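Student: In order, the protein sequences belong to chains A and B.
Here the first sequence is numbered in this note's numbering, starting from 1 and rising by one per residue.
Here the second sequence is numbered in this note's numbering, starting from 1 and rising by one per residue.
The set of hints was computed from the structure by calculation and includes no laboratory data.
Treat the numbers as computed from the prediction; the structure is a model and nothing was measured.
Ideal Cβ positions, reconstructed from N, Cα and C, are used throughout, including at glycine.
One should not assume that every hint holds.
Taking beta-carbon pairs under 10 Å as the criterion, some of the chain A residues facing chain B (in silico) [to be verified]:
#1 Arg21
#2 Ala30
#3 Ala38
#4 Asp52
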Amino acid sequence: MADTHGAAVSGHGPGGEVTKRDMIKLVATAGAAIGVGALAWPFIDSMNPSADVLALSSVETDLKPIAEGSGITVVWQGKPIFVRNRTPAEIKEAQAVQLSQLIDRTDGLDKQRVKAGHEQWIVLIGICTHLGCVPLGNKPSDPRGEYGGWFCPCHGSQYDTSGRVRHGPAPLNLPVPPYAFTSDTKIKIG
Amino acid sequence: MAGLHKSDFANPVINWIDTRLPVFTMMQKEYGVFPTPRNFNYFWNFGALAMVNLVIMIATGIFLAMNYQPNTELAFASVQHIMRDVNFGWLLRYVHQNGASMFFIVTYVHIARGLYYGSYKSPRELLWIFGVVILLLMMATAFMGYVLPWGQMSYWGATVITNLFSAFPWIGPKIVTLLWGGFSVDQPTLNRFFSLHYLLPFVLVAVIFLHIAALHITGSNNPLGIDVKTPQDTLPFHPYYTIKDSVGICVYLIVFAILVFFAPNYLGDPNNFIEANPLVTPADIVPEWYFLPFYAILRSVPDKLLGVCLMFGSILVLFVLPWLDTSPVRSARFRPIYRLFFPLLIISVVVLGMCGAHKPEGIWVTLSRLGTFYYFFHFLVLLPVLGKLEKPLPLPESISQAVLGGRGGGPLPSGAAAKPMEKA
Ligand code: HEM
Ligand code: FES
Chain A
1 MADTHGAAVS GHGPGGEVTK RDMIKLVATA GAAIGVGALA WPFIDSMNPS ADVLALSSVE
61 TDLKPIAEGS GITVVWQGKP IFVRNRTPAE IKEAQAVQLS QLIDRTDGLD KQRVKAGHEQ
121 WIVLIGICTH LGCVPLGNKP SDPRGEYGGW FCPCHGSQYD TSGRVRHGPA PLNLPVPPYA
181 FTSDTKIKIG
Chain B
1 MAGLHKSDFA NPVINWIDTR LPVFTMMQKE YGVFPTPRNF NYFWNFGALA MVNLVIMIAT
61 GIFLAMNYQP NTELAFASVQ HIMRDVNFGW LLRYVHQNGA SMFFIVTYVH IARGLYYGSY
121 KSPRELLWIF GVVILLLMMA TAFMGYVLPW GQMSYWGATV ITNLFSAFPW IGPKIVTLLW
181 GGFSVDQPTL NRFFSLHYLL PFVLVAVIFL HIAALHITGS NNPLGIDVKT PQDTLPFHPY
241 YTIKDSVGIC VYLIVFAILV FFAPNYLGDP NNFIEANPLV TPADIVPEWY FLPFYAILRS
301 VPDKLLGVCL MFGSILVLFV LPWLDTSPVR SARFRPIYRL FFPLLIISVV VLGMCGAHKP
361 EGIWVTLSRL GTFYYFFHFL VLLPVLGKLE KPLPLPESIS QAVLGGRGGG PLPSGAAAKP
421 MEKA
């Protein structure tokens, strides 16, 4: 306490030099601060996903009902997941795109975004990488934008049939969630 | 009165704020240099402990509320979800649950301290009245909190306590319907109890602020019950009482931790592990331990209305206590007869608590009547009369004289006093 009120009890020596009392105060304050800090952790951690939320971490999806040229939305960890059955024309178009044409070039090749042998299926986390809206385009009647994939109604971002952003403001491609084919017509997401 | 404050703080940031809003000066005045009687014993720790406890309740409560569902279908399961799934949820809940018990232990000791040392007497009557308001708010908060987990005891406790109001003729049943928001304890009741359980602790914060504000006008009482006369009777609050309170807080936290980590359900009722069932009342229904003495008073008389009136009266009588006690001497140390009766009051409350925990049969009925009789006799008859009859012991001249008399007036810790004391 550097102010005048506290001087009488501050414990500093007459010349203001460091004393044993200063050391004791420092240790006591540090001890209390560490204790309170340690106690804060359970409170903060209680806001992290709880065990039951973590347990909802995978879903199985049947691909049979999805007609060629359209997609469905399934929920995984509370997020919309697009599963789309691409037409041969769409696949060809997606494969022909060069990295130089892309805004986001990481995982930009179509073959990096599908499972080998299952090129017909594209699985994406359906959250616009701009500000989080869900783009339109699963149904053939939806607006799909100039690139035939998805169109975000919020600020006009456009994605192609591989889920790559082709027109801003979104900066990144739609991410591919972890998934695997459990049979030819079933996938397990997560 | 407008104008900037002239701040003495050297730190430029603190000085800048303090000049515009002198909160640092206020803290320095009220908790730094605040002149505090030099002769406090450890009973003077319990107010600070209660404040710490309230902070703990609010912190754990807010985090519990993030996962709790005030819905009769979901409440019980959401508390189990807190216990099993939420990270550290078990800790938050056990701290909150046992925190309520700790809160009452601390507050009851705090009140007993006030009764023994006459802290309710002039000029601290208003301070005392705020204290009784705090007690009532705490009780309401704890009662409604206990309903939230929606176990059998929650449900039947809520039913019984709200039904107390039905004892009042004519308006009684209307009050009960109003409290319930229906014709039994149900969804509307649970929902509003949650709302109020969240609100009341913040009302408590406000009333405690007034309690402390009033304290800082009158100054603290002390174990001798005599007024502070000279600066030699006092010590600056910091560091003397910040340290003494810190010692108390450490002991308090150890006791609290033992409860939470080794006996978290010791004070709880096993029936509350069963989800509420509006069609089956558990065989033994008892309130939480801190309500037992009042519960015993309620059951001590066979008349419904009289029982309810006595129960509420047992707290309301505390409001007028400053005027019931006619003795001008505060501390029981100098009241030889009051000092003998004081333990009887404590014993009567403890015995009432034991009666509350047992079925009202045989000896327990007699004991609860004796306890109730003594409780009211003490406040309504003994205190008014004793003040007139009792001859108090001579009071010491001053706090410093009484404190330093025994130790021969040796040198004092630096800052404790400006000049050496004369020998007593
Ligand atoms: C004066 C301070 C408080 C007291 C005395 C108090 C008391 C209680 C009690 C006795 C219970 C029942 C514990 C059980 O058997 O599980 C409870 C539950 C609860 N309280 Fe509080 N409480 C206080 C402050 C708060 C605050 C500020 C909140 C914030 C919203 C809160 C939120 C809750 C919740 C969500 C529950 C239900 C979860 C549970 O049963 O553990 N409490 N409270
Ligand atoms: S959120 Fe999709 S474009 Fe802005």
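Student: Take the hints in turn and mark each one as holding or not.
Tutor: Against the structure, the hints:
{"no.": "1", "hint": "Arg21", "result": "9 Å, holds"}
{"no.": "2", "hint": "Ala30", "result": "14 Å, violated"}
{"no.": "3", "hint": "Ala38", "result": "12 Å, violated"}
{"no.": "4", "hint": "Asp52", "result": "4 Å, holds"}
In this structure, the hints that do not hold are numbers 2, 3, in rising order.
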